[in-house]
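**Q** Both chains are given apart, each in its own frame, so use the hints to dock them into the complex.
If you read the sequences in order, they're chains A and B. The numbering of the first sequence is my numbering, which starts it at 11 and goes up by one. The numbering of the second sequence is my numbering, which starts it at 79 and goes up by one.
Mixed in with the good hints, there may be bad ones.
Some but not every residue of chain B turned toward chain A, in silico, with C-beta under 8 Å [claimed, not checked]:
| no. | residue |
| --- | --- |
| 1 | P84 |
| 2 | P106 |
| 3 | V120 |
| 4 | R170 |
| 5 | L205 |
| 6 | M208 |
| 7 | A264 |
| 8 | G316 |
List time: in silico DSS-like cross-link candidates among lysine-lysine, alpha-carbon distance up to 30 Å [stated by the list, open to error]:
| no. | chain 1 | residue 1 | chain 2 | residue 2 |
| --- | --- | --- | --- | --- |
| 9 | B | K314 | A | K175 |
| 10 | B | K92 | B | K217 |
| 11 | B | K217 | B | K314 |
| 12 | B | K130 | B | K217 |
| 13 | A | K169 | B | K130 |
| 14 | B | K217 | A | K169 |
| 15 | A | K169 | B | K92 |
| 16 | A | K175 | B | K130 |
| 17 | A | K175 | B | K92 |
Pairwise CB distance ranges, derived in the manner of DEER restraints [what the hints assert, rightly or not]:
| no. | chain 1 | residue 1 | chain 2 | residue 2 | range |
| --- | --- | --- | --- | --- | --- |
| 18 | B | R170 | A | F162 | 44 to 50 Å |
| 19 | B | L122 | A | H122 | 49 to 55 Å |
| 20 | B | F274 | A | M94 | 39 to 45 Å |
| 21 | B | V229 | A | A61 | 48 to 54 Å |
| 22 | B | R89 | A | T103 | 21 to 27 Å |
| 23 | A | I179 | B | K314 | 46 to 52 Å |
| 24 | B | K314 | A | R58 | 19 to 25 Å |
| 25 | B | F121 | A | W209 | 22 to 28 Å |
Don't read these hints as lab results, they were simulated from the structure. Note that CB positions come from ideal geometry on N, CA and C, so glycine has one too.
This is what each chain is made of:
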Amino acid sequence: MTIEKRPNRSADKTAPSQAPARAPLVEQPGGGPKLPGPPGVPGTERFRLLAYVKQESMVRVDKRPDETVLTWPHLLRAEFLMAMLISGVLVLTSFFIQAPLEQMANAGNTPHVAKAPWYFLGLQEILSYFNPTVAGVLVPTLYLVGLAIIPFVDSSPYKAARDRKMIWIFFLCLMIGGLLVTFIGSFFRGPGWNWVWPWQGIYFNL
Amino acid sequence: MSFPGPGALMRYVKESQVWRSLFRQPYPTTSRTRALAVMNNVFLHLHPVRVKRHAVRYTYTFCLGGISFFLFLALTVTGVYLMFFYVPSVTRAYQDIQSIGTSVAFGSLVRNMHRWAAHLMVLTVFLHMMRVFYHGAYKPPRQFNWVVGVVLLFLTLMLSFTGYLLPWDQIAFWAITVGTQMAQYAPLLGSESSFFLLGGIEVGQGTLIRFYVLHVIAFPLLAAIFMVVHFWRIRKDGGISGPV
Chain A
11 MTIEKRPNRS ADKTAPSQAP ARAPLVEQPG GGPKLPGPPG VPGTERFRLL AYVKQESMVR
71 VDKRPDETVL TWPHLLRAEF LMAMLISGVL VLTSFFIQAP LEQMANAGNT PHVAKAPWYF
131 LGLQEILSYF NPTVAGVLVP TLYLVGLAII PFVDSSPYKA ARDRKMIWIF FLCLMIGGLL
191 VTFIGSFFRG PGWNWVWPWQ GIYFNL
Chain B
79 MSFPGPGALM RYVKESQVWR SLFRQPYPTT SRTRALAVMN NVFLHLHPVR VKRHAVRYTY
139 TFCLGGISFF LFLALTVTGV YLMFFYVPSV TRAYQDIQSI GTSVAFGSLV RNMHRWAAHL
199 MVLTVFLHMM RVFYHGAYKP PRQFNWVVGV VLLFLTLMLS FTGYLLPWDQ IAFWAITVGT
259 QMAQYAPLLG SESSFFLLGG IEVGQGTLIR FYVLHVIAFP LLAAIFMVVH FWRIRKDGGI
319 SGPV
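Pulled out of the complex, with its shape left as it was, chain B reads as follows (with noise of 0.2 Å):
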């Protein structure tokens, strides 16, 4: 009796139904392949098949919108992960992030990773705005997708602000205090939208709840759906820019 060596093992592998199921298509290699490897997939066909020669150029956009968004995935991967091992309450909050650095796999290592890339990404989706003014990007017909990624600039300061009370330490507790104190004095509202914000007269429990629900769920939602717009417009809008 004989064994069916590697390459036969191989064959029947890849003859099999399961793989073929997943693999509908062999490795592209022609450009039609790798065309229709764009079109059929659903996270490529994001993606125009074909794209402007400038538009692949590091020097072009240095790769600031997508940087953005890659930070983005980071910070949802590695908030997920956090989430395990996190509880919002006043009493809790502060010894969790404690017991995320000591006691929890990699903890330290993903919290710092959260919240670096959080910084990071305030400061990308900043240059990514200042690169797309200086190639003229805004102008018709790319209006639309200009005011859209303002929003997006603004759920991106909310969720790193919502954040950065989470570790519930002095830096977070202070700096929510004297962020929040502004909103006391909005017009019309006055202390109503403080009152809002911190969901008491000061920052407390009510806070810490709010500002958790508004970083986890309705921050990161509403971003992904302005983000599906944003990029939905290049496409609808003839692709990235021309140079200048």
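So here's chain A without its partners, still in its complex pose (with noise of 0.2 Å):
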């Protein structure tokens, strides 16, 4: 049987005439079915019935459409193709195009712009404009923390953008400032870390 069990309306305090006009009914002498009794006494809410389904065996009733499938073969296709993909193109590249190597390490030959590898070149970037405890300290560490505590800054249920903008606004800042700053520096600064056009010379290595 399935049974619906209906809000107790005497606990809406904002809508009392909707209470039930029945007479309130008690439990029965002689131990007879429960029926609906006075509003807001506990254990005498009132169910209806909305359908009789013929109970077989262990299957439960309200089970809900399967919305999952099987690890194997699906999941496990997936990630072969995706391992074999990914595999290939990194051989291939590998094959192709050379790993740079330059000259042996040498302390008292500088080069004419030295950067550093491609993910830092947004700090070094910014360590051109403000003194290196902020850039080269601060602004890393706040921006590490800054991504860990963004599910706790953001802890409600919804998923949608525009029930988060703040929060979307914050991540978009931090990865539009962060790739912006890091374009700049792998693209556009050349020797003594001056402005460079790409056209006029691309000094970048990966």
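**A** Here it is in structure tokens:
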């Protein structure tokens, strides 16, 4: 049997006029079926019959449509194909593009421009704007801390972008800001960390 | 005298104790045996037996987390191969890299793979983070796993950065010089932290051995531990997050 529990209306103080007009019924003497009692009294909630479903042994009546698939083969196939694809891309790239190797390290021979690895070029770029304590230490620390606290700043259950505008703006600022300075540091900086257009020369190593 | 045919031979092999100890079940073809295969295999049981339907769509995750993990494995394999031919000494390191490129079997290919996979991994870890943010997958109950992910992002950067010095060429030397100069300005610690990082007052033998040990043991081990937690939390937090 499928039974729907109806809300006890007297608990809803905004709509007192919705209280049942029917006379409250109490438990029948002699152990008969439980009937609607006075509102607000625990154990006297009212129920109504929605449908009668023949119960087949252990099959649950409220079984929802199955929204899952078997890991073998569905997920494993996707993983295998992706692993093959990445392996192929990696081997082909490595076959045709040589990893850079310049002259042996020489502390006495300073290059025209010394650049950090590309993922730190954004940091190196802001190092030319602020003093080193801010740019070299505070900014990267705050950047990571800022990323880490996102779930604690925005813990609402809403996932759509329009329901979490603030955190989207915060995240986009971090991402676009980081991307921008990294891009400038990578392709627009040359000797002496001066501005250089990419067509004047690219000072970038991978 | 007659020799057994290929069918009989195959039957004999498949009924042998050795075969049956290696392949304890036949190839799973039914839902039941496929579920058991995932449950009973130590590598496969990283996965639940069933996954949400949307989770296997390529365009939901773009496989970015999986690709990052796969690249980590590829980097481990290629890295171990390179370790056989590399000595972290300022007098030998550069020549070792040169001879890996010229006289080691597949040396050039493996070094290139290691380098490109490392750059690619930094990229895929970043993109994975953006994907997770887009889907709001850091929301309860997944807050902790997001933080673990940020730690993994940091470790990925540190793995790449420490590896950058090892070829001991001009790119490596000056990139690390610039990178570690920033550490001098850490409040309170100051030049102490720079000395601690470099193992000296400038990039030299002390730096090379420090970065080498961090690169081949300390950071990979730490990353592996955090990855174990990362994957475990996915299972414990109810699988992959739902669509937006």
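**Q** All the hints need checking, so say for each whether the structure fits it.
**A** Hints, verified against the model:
Because the closest C-beta pair between B:P84 and chain A is about 29 Å apart, greater than 8 Å, the hint is violated. Here the hint on B:P106 is kept, as its CB sits about 7 Å from the closest CB of chain A, short of 8 Å. Here the hint on B:V120 is broken, as its CB sits about 15 Å from the closest CB of chain A, past 8 Å. Checking B:R170 against chain A: minimum C-beta separation of about 11 Å lies over 8 Å; hint violated.
Hint status for B:L205: violated, given a least beta-carbon distance of 11 Å to chain A, over 8 Å. Interface hint at B:M208: satisfied, since its Cβ lies 7 Å from the closest Cβ of chain A, which is below the 8 Å cut-off. Against a cut-off of 8 Å between C-beta atoms, the interface hint on B:A264 holds, since the closest Cβ of chain A lies about 5 Å away. Proximity of B:G316 to chain A is violated relative to the hint, the smallest CB-CB distance being about 12 Å (cut-off 8 Å).
A C-alpha spacing of about 29 Å is found between B:K314 and A:K175, which places the hinted pair at or below 30 Å, so the restraint holds. For the hint pairing B:K92 with B:K217, the CA-to-CA distance comes to about 50 Å; that exceeds 30 Å, so the pair is violated. As the CA atoms of B:K217 and B:K314 are separated by approximately 14 Å, the hinted pair is consistent with the 30 Å bound. A C-alpha spacing of about 18 Å is found between B:K130 and B:K217, which places the hinted pair at or below 30 Å, so the restraint holds.
A distance of roughly 18 Å separates the Cα atoms of A:K169 and B:K130; the hinted pair therefore holds under the 30 Å criterion. Note on B:K217 and A:K169: the hinted pairing holds, with a Cα-Cα distance of about 8 Å set against a maximum of 30 Å. The suggested pairing of A:K169 with B:K92 is violated, with an alpha-carbon distance near 53 Å, which exceeds 30 Å. Between A:K175 and B:K130, the direct Cα distance comes to roughly 28 Å. Compliance with the 30 Å bound is thereby established for this hinted pair.
Taken as a hint, the A:K175 and B:K92 pair is broken in the structure, with Cα atoms around 62 Å apart against an allowance of 30 Å. Our hint of 44 to 50 Å for B:R170 and A:F162 holds, since their Cβ atoms are close to 49 Å apart. At about 53 Å, the CB distance of B:L122 to A:H122 agrees with the hint of 49 to 55 Å. Roughly 43 Å separates the CB atoms of B:F274 and A:M94, a value that falls within the hinted 39 to 45 Å.
Our hint of 48 to 54 Å for B:V229 and A:A61 holds, since their Cβ atoms are close to 52 Å apart. Look at B:R89 against A:T103: about 46 Å separates their beta carbons, and that is not inside 21 to 27 Å. Our hint of 46 to 52 Å for A:I179 and B:K314 is violated, since their Cβ atoms are close to 31 Å apart. For the pair B:K314 and A:R58, the beta carbons lie near 39 Å from each other, so the given range of 19 to 25 Å is not met.
Range check, B:F121 to A:W209: Cβ separation about 51 Å, and the 22 to 28 Å hint is violated.
Hint violations for this structure: numbers 1, 3, 4, 5, 8, 10, 15, 17, 22, 23, 24, 25, all remaining hints satisfied.
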